[in-house]
Amino acid sequence: MATITLQQVEKKFGSAYAVQPMDLTIQDGEFVVLLGPSGCGKTTTLRMISGLEAVTSGKILLNGRDVTWLHPSERDIAFVFQFFALYPHLTARENVAFPLQAQSVPRDEVTKRVNEVLKLLQIEHLANSRPAALSGGDQQRIALARALVRRPSAFLMDEPLGALDAEFRETMRAEIKRLHLSINATTVYVTHDQVEAMAMSDRIVVMSAAVVQQVGTPAEVYYDPANLFVARFIGSPGMNLLKGRYSEGVVSFGGSKRLPVPAAWRAAVDQVTQGGGELIVGFRPEAASVRADGELEATVYASDLHGGFSMLHLDLGHENPIVHVRASRQEIYPIDALVRFSLDPNMVRFFDPRTEKALQPVAEVAL
Amino acid sequence: MTATTPRPTFEQSGPRLPVVESIRVDRVHPRARIAGSVRATLAIILSLISLIPVFWIVLTAFKTPTDVTAIPPKLIFEPSLTGFVSLLSDMRLLSQAEQEERSQQPDLSWVDQIALQIGRAINGPSQYARQLGNSVIIAGTSTLLSVVLGLLSAYAFSRFNIPAKGDLLFFILSTRMLPPVVVTIPIFLMYRSIGLHDTHFGLIMLYTVFNLSFSVWLLKGFIDEIPREYEEAALVDGYTRLQTFFRIVIPQARTGIAATTVFCLIFAWNEYAFALMLTTQNARTAPPSIPSILGSGGIEWNTIAAGALLFLIPVVIVTFALRQHLLRGVTFGAVRK
Ligand SMILES: Nc1ncnc2c1ncn2[C@@H]1O[C@H](COP(=O)(O)OP(=O)(O)OP(=O)(O)O)[C@@H](O)[C@H]1O
Ligand SMILES: [Mg+2]
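These protein sequence lines map, in sequence, to chains E and Z. The working numbering applies: residue 1 is where the first sequence begins, and numbers increase by one. The working numbering applies: residue 1001 is where the second sequence begins, and numbers increase by one.
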C-alpha cells in the first residue's frame, strides 16, 4: 500500500494551466476524491499521478520514492477509466488476466488470482463473455477486477460510475466503497458528483479552474468551506450567501434586517472590515429556523416539498438574493406570506468579499 | 367482477414495427423477413451478372482452340488443358510426318500428348511461369513492406505530437496527385543509370513508395478510431509502448490491416505500365507478359484465358483468406462514447 505525495505539481497545455501548482499528501489506505466542475483539471491530475501525462513541473512521490519521470508501467498503480477500456478482443477472464501476463506470473498462479478477484466481485459467471455483450455495470465490475488483480499499491479511478445508469450507480458506489473497506488500498477517485464525493470519501479535494480550492473531510468542506466557490459548489442548493454592511457587531442587509455577529467571529470580522464595511454572511438551509420571533424577516417567494421537509425560497428584499431555508413539512407557507426566521449562531459563516476567503473564528472566546 | 387486461402472449409481444436491422432480435416481423430475402435475391443476381466475364474466362481456359472459336459458343464441351500447357511451355509446330512419328512413341508424357493434340512439341518451360513467380515475389514483398511501414507511421501520426504533422501528411498524400504514368520516363532513366532497371528490388521499392501514401492514410483512419484508453490501460497495467502496439493496437486494427493489404496487393499485382517500362527479362512480371502471349502465331484465346485465370488466383486466395477481417467486427463499441 502507499502514500502519494504531490509537490508543486503543475500542468500546462501550451500557455494555459490545466492544473496550477498543487501540493497534496494522500495517506496510506485513504480514499480521496477529486471533486470539481467540468474542465477543472481533475482528470489531468489523475493522469499525472499515473504517468500517462507528463508533469510540466513539480514532483510526484509514491511511498517516498520519486516517480515523477517513471513510465506508467513502473509505478505499480492501477487506473480505472470512465469508459471501462476493456479490450474488446479478449473475454472478461482474459481482460482480468492481462495485467498479470505483463509481469510473467506463472500460469496457474494467474488462474488462481483471476478466480479470486472474479469471486470477490461476484462476476464468476461472466468470465467467458466478451465485453460488448455485457451491461455497463458488469463491464465496470470487470474493469475493477482487472485493476484489483495485480494488487497495486494505489488505485486511480476517473469517474468510474459516470457512464452508468442512475440505478446502477448507487449499487456500484456501495460496491466500490465496500471493496475499499475490505482491501483498504489508497484510492484517488475523480467525480463531479458531490453526492458521490460526500458518500465515499475520507477527504475531498475541491478543484475549480485548475486550482485546488480546499482539501478537507466531507464535513469540513460542507460546514466550513474555505471560500465562496466551495460554499456555492457544495450542497444542493449551495450555501446562502448574503452581502451585508457590518458595523459595531451587527450586519445589516438593508432596511431593518440585521444580524448580530456571534462573539467568536467578532475579532476576525472587525479586523477584515476595519471596524465597518462590506461582509458576506453564509449559512446552510438547515441553519435557519422559521419562528415567530426570528430576527430576519422575508416574504415567501416559492416553496417546494421534499421527502421529510419543505424548502422555502425567501425574498429578503433590498436586492438580496433569494435564500433557501428548511422548514417543517407540516406548515403551509402561501406565496408572499411574511415569515420570520433566525439563524443558529454556530452555523453562520463569514467571508471577506475582496479575497472571497472564509474568516476564521477565534476559538471558544464565547464560552 | 374485475376486468383484467390479458397478459400479452409471446406471439403478440414481438416488435410492433418491422425490425429491419438489429443484432439482438429473436423474432423478426414477417414483412422485414420478406424484404430481407428480396434484397438477398437481388444481391445474388447482381453478383452473378458481374461474375459472367470471370465465368467465361474459366470456360475458355479449359477449351481446345477449336472449341474456343466454335459458333455458336459451346457451353458444354470436353475440358482440356491445352491452354495451360501452351501457356507454361515453349512449343514448336510439328510437320505432318513428325506428328505421325511422335504419336507412335510409347513413352510420351501427358503434357507431350496434350501438345501433340494441337500438333506441337514442347521445347521447354515458357517464360510465363517465371513471370508469375516474379509477380508473387514483387507484389508480395512490396505489399508486406507497405503495410508494415504504413502501420508504424500511421500509428505515430495518430498517437504522437509530431511537428508539422498536417504538412507531412499532406506531403505524403501529394505523392499520389500526379498520374504515375507521367513519371515513367524519368524513373526509367534514373533506374537505368543507377542499375535498378530490370531488378526485383527496383519494382518492389517503386510499388512500396506508391502504396505507402495510401496505406498510411487508410491505416491512420483505422487507428484513430481505436480509443486511446485501451493503450493507456495496458500502459498502466505494466506493458511497454511496443508491447501495447502488438497486443492491443494490431488486434484492434486488423480490419484496417486486412483492407490495406488487399488494396496494396491488388495495385502491385495489377500494375502494368511501370512493369513494362522498367523490366525486360529478369524481373518481368505477369501483367506485361499476358499481351505478349497474343503475339505468337494466331490469337490463342484459350492460352490467354489460362494466363488470366492463373493470374487471378493468388489475389482471390488472399482476399478470400482475409474476408472475415474485411467485414467490420462486432467488437467495435466496447468503449462507450
Ligand atoms: N491533451 C490536452 N491538450 C490540451 N488541453 C487539454 C488536454 N487535456 C486536457 N486539456 C484541458 O485541460 C483542462 C482540464 O482538463 P481535465 O480533463 O483535467 O478536466 P476534468 O476536470 O477532468 O473535466 P471533466 O469533468 O470534464 O472530465 C481543460 O480545460 C481541458 O480542455
Ligand atoms: Mg475528466
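Treat the hints loosely; a few may be bogus.
[What the hints assert, rightly or not] Dumping the calculated SDA-like pairs for lysine to any residue here, alpha-carbon to alpha-carbon at most 25 Å:
1) E:Lys12 with Z:Phe1157
2) Z:Lys1165 with E:Ser15
3) E:Lys12 with Z:Arg1228
[Claimed, not checked] To spell it out: a stretch of chain Z is covered by chain E in this simulated footprint if at least three of its residues, at any positions, have a beta carbon under 8 Å from a beta carbon of chain E; those stretches are:
4) 1081 to 1094
5) 1104 to 1114
[As the list claims (entries may be wrong)] Using C-beta positions, here's what the derived DEER-type ranges look like:
6) E:Asn184 with Z:Gly1140: 36 to 46 Å
7) E:Asn184 with Z:Ala1321: 44 to 54 Å
8) E:His125 with Z:Ala1321: 50 to 60 Å
9) E:Ala54 with Z:Asp1224: 46 to 56 Å
10) Z:Asn1161 with E:Leu120: 18 to 28 Å
11) Z:Leu1312 with E:Ala54: 49 to 59 Å
It should be emphasised that the hints constitute simulated quantities derived from the structure, not laboratory data. C-beta: ideal position from N, C-alpha, C; glycine also.
Here's how the hints hold up against the structure:
1. E:Lys12 with Z:Phe1157: holds (22 Å)
2. Z:Lys1165 with E:Ser15: With Cα atoms ~20 Å apart, lysine 1165 (chain Z) and serine 15 (chain E) stay inside 25 Å; holds.
3. E:Lys12 with Z:Arg1228: holds (21 Å)
4. 1081 to 1094: violated (count 0)
5. 1104 to 1114: violated (count 0)
6. E:Asn184 with Z:Gly1140: 36 to 46 Å: violated (58 Å)
7. E:Asn184 with Z:Ala1321: 44 to 54 Å: holds (53 Å)
8. E:His125 with Z:Ala1321: 50 to 60 Å: violated (36 Å)
9. E:Ala54 with Z:Asp1224: 46 to 56 Å: Given about 22 Å between the Cβ atoms, the range is violated.
10. Z:Asn1161 with E:Leu120: 18 to 28 Å: violated (40 Å)
11. Z:Leu1312 with E:Ala54: 49 to 59 Å: holds (53 Å)
Of the numbered hints given earlier, the model fails hints 4, 5, 6, 8, 9, 10; all others are met.
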